[in-house]
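Using the sequences plus the hints, can you model the full thing?
Chains as they are written, first to last, in this note's numbering: chain G, 1 to 342; chain R, 343 to 679; chain E, 680 to 976.
Worth flagging that the hints you see were computed from the coordinates, not collected in a lab. Predicted, not measured: the structure shown is a model, and the values here were computed from it. Each statement offered as a hint is correct.
Okay, the calculated bits of chain R under chain E, using three or more residues with CB under 8 Å as the criterion:
(1) 503 to 513
(2) 523 to 535
(3) 649 to 658
For every residue, glycine included, the Cβ atom is placed at its ideal position computed from N, Cα and C.
Residue strings, one per chain:
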Amino acid sequence: MSVATESVADAARTAASGDTILSVNELVVEFPRPGQPTDFRAVNSVSFNLRQGETLGLVGESGSGKSMTALSLLGIVPAPGKIIEGSISLRDRRIDNLPVSQLRRVRGNDIGMVFQDPMTGLNPVRNVGSQLIESVMRHQRVSKNEATELAFQALDDVGIPSPRERLEGYPHELSGGLRQRVMIALALINHPEVIIADEATTALDATIQAQILDLFRERLASATMILITHDMGVAAEICDRIMVMYAGRIVETGTIEEVLSSPRHPYTVGLLAAVPKFDIRRPKLVPIPGIPPTAEDIVRGCPFAPRCRFAETDCDQRPPLDYSEGRMVACWHPRSASEQSK
Amino acid sequence: MTEIADTKAPAGQPADTQRNDAETIPVAKQTAQMLTKRILELLFLLMFISTLLFFLLRLTGDPAAVMAGETGDQEQLELIRKQYGLDKPLIVQYGVFLFKLVQLDFGSSLANAQDALGLVMERLPTSFTLVIIAFTANLIISIPLGAWLGSRPDRTGRKLAATAVFVAQGIPGYITGLLLIQLFSVEWGLLPSIGNQGILSWIMPATTLAAFQAPQVVRVISANVAEAMREDYIRTARANGAGFNTLLWRHALKNAMLGATALIGAQVSFLVGGSIITEVIFAWPGLGRLLVTSVQTLDFPVVQAAVFMIAIFVYFAITLTDIVFLFIDPRLRRQRA
Amino acid sequence: MTTAAVTDKPAPAFRFNKFGTGSLQLDLGILLFALIVIALLAQWVVLDESSLDGNLRFRLKGVGLTGPDGIFHLFGTDQLGRDLFYRVLGGLPWSLGISGVAVVCVAVIGTFIGLIGAWYTGVVRTIVLLGIAAMIAMPFLVLALVVVAVVGRGFWPLALTMGFIAWTAVARVIYAESRGLLTREYVLAARLFGVSKWSILIFHVLPGLRPTILVMGAFFFAVLLIIESALSFLGLGAPLNAPSWGNMLSDSRQYLTIAPWMMFVPAGAIVLAVISLNLIGDGFAELSRKRARAVEV
Numbered sequence: 001m002s003v004a005t006e007s008v009a010d011a012a013r014t015a016a017s018g019d020t021i022l023s024v025n026e027l028v029v030e031f032p033r034p035g036q037p038t039d040f041r042a043v044n045s046v047s048f049n050l051r052q053g054e055t056l057g058l059v060g061e062s063g064s065g066k067s068m069t070a071l072s073l074l075g076i077v078p079a080p081g082k083i084i085e086g087s088i089s090l091r092d093r094r095i096d097n098l099p100v101s102q103l104r105r106v107r108g109n110d111i112g113m114v115f116q117d118p119m120t121g122l123n124p125v126r127n128v129g130s131q132l133i134e135s136v137m138r139h140q141r142v143s144k145n146e147a148t149e150l151a152f153q154a155l156d157d158v159g160i161p162s163p164r165e166r167l168e169g170y171p172h173e174l175s176g177g178l179r180q181r182v183m184i185a186l187a188l189i190n191h192p193e194v195i196i197a198d199e200a201t202t203a204l205d206a207t208i209q210a211q212i213l214d215l216f217r218e219r220l221a222s223a224t225m226i227l228i229t230h231d232m233g234v235a236a237e238i239c240d241r242i243m244v245m246y247a248g249r250i251v252e253t254g255t256i257e258e259v260l261s262s263p264r265h266p267y268t269v270g271l272l273a274a275v276p277k278f279d280i281r282r283p284k285l286v287p288i289p290g291i292p293p294t295a296e297d298i299v300r301g302c303p304f305a306p307r308c309r310f311a312e313t314d315c316d317q318r319p320p321l322d323y324s325e326g327r328m329v330a331c332w333h334p335r336s337a338s339e340q341s342k
Numbered sequence: 343m344t345e346i347a348d349t350k351a352p353a354g355q356p357a358d359t360q361r362n363d364a365e366t367i368p369v370a371k372q373t374a375q376m377l378t379k380r381i382l383e384l385l386f387l388l389m390f391i392s393t394l395l396f397f398l399l400r401l402t403g404d405p406a407a408v409m410a411g412e413t414g415d416q417e418q419l420e421l422i423r424k425q426y427g428l429d430k431p432l433i434v435q436y437g438v439f440l441f442k443l444v445q446l447d448f449g450s451s452l453a454n455a456q457d458a459l460g461l462v463m464e465r466l467p468t469s470f471t472l473v474i475i476a477f478t479a480n481l482i483i484s485i486p487l488g489a490w491l492g493s494r495p496d497r498t499g500r501k502l503a504a505t506a507v508f509v510a511q512g513i514p515g516y517i518t519g520l521l522l523i524q525l526f527s528v529e530w531g532l533l534p535s536i537g538n539q540g541i542l543s544w545i546m547p548a549t550t551l552a553a554f555q556a557p558q559v560v561r562v563i564s565a566n567v568a569e570a571m572r573e574d575y576i577r578t579a580r581a582n583g584a585g586f587n588t589l590l591w592r593h594a595l596k597n598a599m600l601g602a603t604a605l606i607g608a609q610v611s612f613l614v615g616g617s618i619i620t621e622v623i624f625a626w627p628g629l630g631r632l633l634v635t636s637v638q639t640l641d642f643p644v645v646q647a648a649v650f651m652i653a654i655f656v657y658f659a660i661t662l663t664d665i666v667f668l669f670i671d672p673r674l675r676r677q678r679a
Numbered sequence: 680m681t682t683a684a685v686t687d688k689p690a691p692a693f694r695f696n697k698f699g700t701g702s703l704q705l706d707l708g709i710l711l712f713a714l715i716v717i718a719l720l721a722q723w724v725v726l727d728e729s730s731l732d733g734n735l736r737f738r739l740k741g742v743g744l745t746g747p748d749g750i751f752h753l754f755g756t757d758q759l760g761r762d763l764f765y766r767v768l769g770g771l772p773w774s775l776g777i778s779g780v781a782v783v784c785v786a787v788i789g790t791f792i793g794l795i796g797a798w799y800t801g802v803v804r805t806i807v808l809l810g811i812a813a814m815i816a817m818p819f820l821v822l823a824l825v826v827v828a829v830v831g832r833g834f835w836p837l838a839l840t841m842g843f844i845a846w847t848a849v850a851r852v853i854y855a856e857s858r859g860l861l862t863r864e865y866v867l868a869a870r871l872f873g874v875s876k877w878s879i880l881i882f883h884v885l886p887g888l889r890p891t892i893l894v895m896g897a898f899f900f901a902v903l904l905i906i907e908s909a910l911s912f913l914g915l916g917a918p919l920n921a922p923s924w925g926n927m928l929s930d931s932r933q934y935l936t937i938a939p940w941m942m943f944v945p946a947g948a949i950v951l952a953v954i955s956l957n958l959i960g961d962g963f964a965e966l967s968r969k970r971a972r973a974v975e976v
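Quick look at the structure:
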C-alpha cells in the first residue's frame, strides 16, 4: 500500500461539494447538578448540518456550550457530563452511539480537532514526532518509517521550518505559534473529513493569531471545518456560515455576510456592537450588561431576556429557533434588517 | 529617533520560529556540572559530620573513661590518654584527626582491634545488595500499582485499594518486619528469620525494607497520575483516538514519574535508614547492624567509619538516580538564560 | 421590562457536612487524635503508682483476663506481669511528648533557615543551600543513632537531637515556597513602602507558608514518632524500663511465640497514632487544595 504523498491540505478536498457531511440533531449534553431540581444542560437541543467544503463558525461566550458541542462530536465530553439526547451522524452514519472502540477510529481520523492551548496540548516529555507518529500508526496501515515520513510532511505542510529536526525535538523548544501549528498538523495528518478548531487562536498573541488564520485560509480553504470562537472578528475572517450560541442554544444562524450586516438576535446585535471600532465618532465601548447564566442557574424562558434591551413579557417563554426573513433566529422579537441602529 | 532593537529572528523567517529560550545545554556537560556540584556537597557533608562527631565525642565526656570502661583506674586512664593522644590540646587532636581522615585512617575497632574501615567495608556489600533489591522491588511494584490506582480514582475498587495503601503507610516498616516474622517464621515456619542463610532468607528482609517506602511511592505516583490524566495533552491524545491504556501507560505515566524524581531519588536515603532496623530485626550481617552494635558499645572508630561510608553510599546512589533522570526527562535539561 | 428568567444561585456546596472542616480525612484524623489526647490526659486519673508494676504471678497472660488481685487486663500482661493497657497509656506522654517537642523544633528551625535562604542571596544563600543539600542525603536514623548514643538517653536529649537533625527536609521545602512567595506583587509593594525585612517575612510570607507548615508538621510528627520508637526499640531511646512503645516492642521479640499480644498491643498503638497524624496531614493538604481551587474560579 503506497503512502499518499499528497499534502494534508489537499486531503480535505474531495468530490462535489454540497453533500452534508455532518448532521447534528437535537443534541443535549447534561451535567449532573446534585441538590437542584434539574441538571445543567450545557448543550440544549442543538441541531445543524455541515456541508462539504464549508467553514461553519460557532460563536459565543464562554459557557455558551460551543466547546461542549464540539467535544460531543468526538465523544469526549468530560465526565460527569453526558450526551443524553439527540444524534450525530457523519455521512449518514451515526457516531454518537458507537462503542468506544469504534469511536476511537473516528477520532483523529474522520474528525480532527485542534484545541485551544498549544502550551499544554502536547505531551512535554515525548518528542514531537512520536506524538504524530502515534496517531498515524493507529489509523493508517503504514510502517514506522513511512509514518515518520508522513509526520515530516505534515510539519512541512503547516509551515514549520526545519521539520526534520523538529520531529526529534520536544514541545518546549517551540514557541506558541509553532506548537499550535504542530497541533494543527496532528489534527490533519490522517486526512480527516471534518476539522474542528476550538478557539484555536485564542491563546496566541495577535500577530501569531493572524498567521494561523492565514494558514487556515490558504491551506484549508476547501476543507470542511467548524471554527469555534468567541471572537466575531476571527469568525469573519474565514467562515462561510455562522451559528451564534448562547446558554447552550443556537440563537441565530446565517451566512457570514448576513449575520454581520444584519444581525437579528439581540444577543448578536449586542456582540457586534461590543466590537471596538476605530471610529472617533463613537469613543465609548458598548458592552452587553449583565452576565450569561452560569452552570448553577436554572433558566426559564429566553436565557438572554434578563440582559436584553428589547425583552417583553412573552420572553418568559422559551423562543424556538425558527425561520425569520430567510434565516434561523431564536427570538420572539428579532430585529429586522431595516432597523440597524443602536 | 531611537531604533527599537530587533530581537526577533532575521528577516525572511516567520517571527515565531524562534525558540522560547536559548539552546539546551548538552546532557554530557550538564552531567559533569552536576557531578562536580555533588562531589563538593559530599565533601562538605563528610567534613561536617566527621567534625560534628569528633567534637561531640570529646565534649560530652571523657573518651578515655569510655574506652577504659568501668574498671579503669587512674593509671590506665593516663595510659589510654597517651596512646590515643588525648592529652594533647583539642586543636592538635583535631588536626591529627583531619590528617588521618584524609588518608581514610579511622583507627581500629575498640572491640576487637581490627581496622575500623576494613570492618565496615566487609559488611558493605551485603547491605548494599539488600538496599538495591528493596529499591528495585519497591519501584517495580509501586509504580504500576500507583498508576493503576491513580488512573480512575473514582472507581470503588480503586478507592478501597487506596484506603488499604493509606493504612499500610501508617504501619512503620519495622513493625511490618515483626509482623512478617510472626506470620511466616513463627506461625507457619515458612521462611527463616535470622541472618543470611541462602536465598530464602533474603525474602523477608527485602520485603520489609521495601515496605518502608512502598506505600508512599504508591500514593505519590497515584496522585501524579491522577493529575496527569487531567492534563490537556491527554485530551489531545484522546481526541486522536488513543485508548485508555495508551493514555495511561504511554502518556501519563512518564509525566507522573518525572514529577516524582525527588522522591525516587530520596528512596535510597530512606531505605538505608530503614535497613538499619531491618538488619537488627533479622540479625542480618550488614553495615546497619554493625553500626548499631558499635553505637551501643561506643566503639567510635567503627562508628565514624560506618557513618562516613554510609554518607558516601547514599550520596552516590542519589546522584546516580539524578543522572538517570537527567537523561530521561527532557525538561530537566536546563537552558541558558 | 425584563421578566425574571433566571433564579437564584444556590449556596456553594463547599463543606462535606455542616459540622466538618470540609475534609473528611481531616475530621477523621482529628477524631482519632482526640481519642489519643484523651487517653493521654486520662493518665492522671487512671494510672496510679502501682499500675505499672508487674505481678510476677500473672505474667504473660493473654488479652481480657483478670489477674489474681482482681485487676482486669484489657490487653494482657507482659513478661514481668505488667498490664499492657496501662503501659500503652504510660508510653503516651513519652512518645507524644518527644515527637511533639521535636516537631516544633523542626518546624521553627526549618522555617527560619528556609526563610533566610530565600531572602538573602550571595554567600548566605550558598551556605544555606549547601548545608541543606549536604544534610538531606544523610538518613535521619543514622545521625540520630549516633548522636543519641553520645549525648545520652532521656526525654530532652532525644527530643532536641531529633529536632536538630530533621529540620533540613523542612527547610528545603520552605525555601522553595518562600522564594515563590517573595516574587509576589504584594511583597514587592511592601518593600517599596519600606517595610522592614522581618515584618515582610513574618506578616506577609509566613501566612502564605501556613498550609505547608501545617501539612509538614503533621507528617513529621508521625515520622518522628516512628523514629523515636525505633530508637527505643534499638535500646537507644527510652530508659530500659520506661513504658515506651518502642521498648515494649523490643521486649516482645523474645516472647513472640508464646505471647504475641505483647507485640500487637504497642504496634497497634503506634499504627493508630501514625494513621491519625497522616489523616490530619492529608486533611490539611486536601483543604488547602480546595481553597486554592475555589479562589481561582
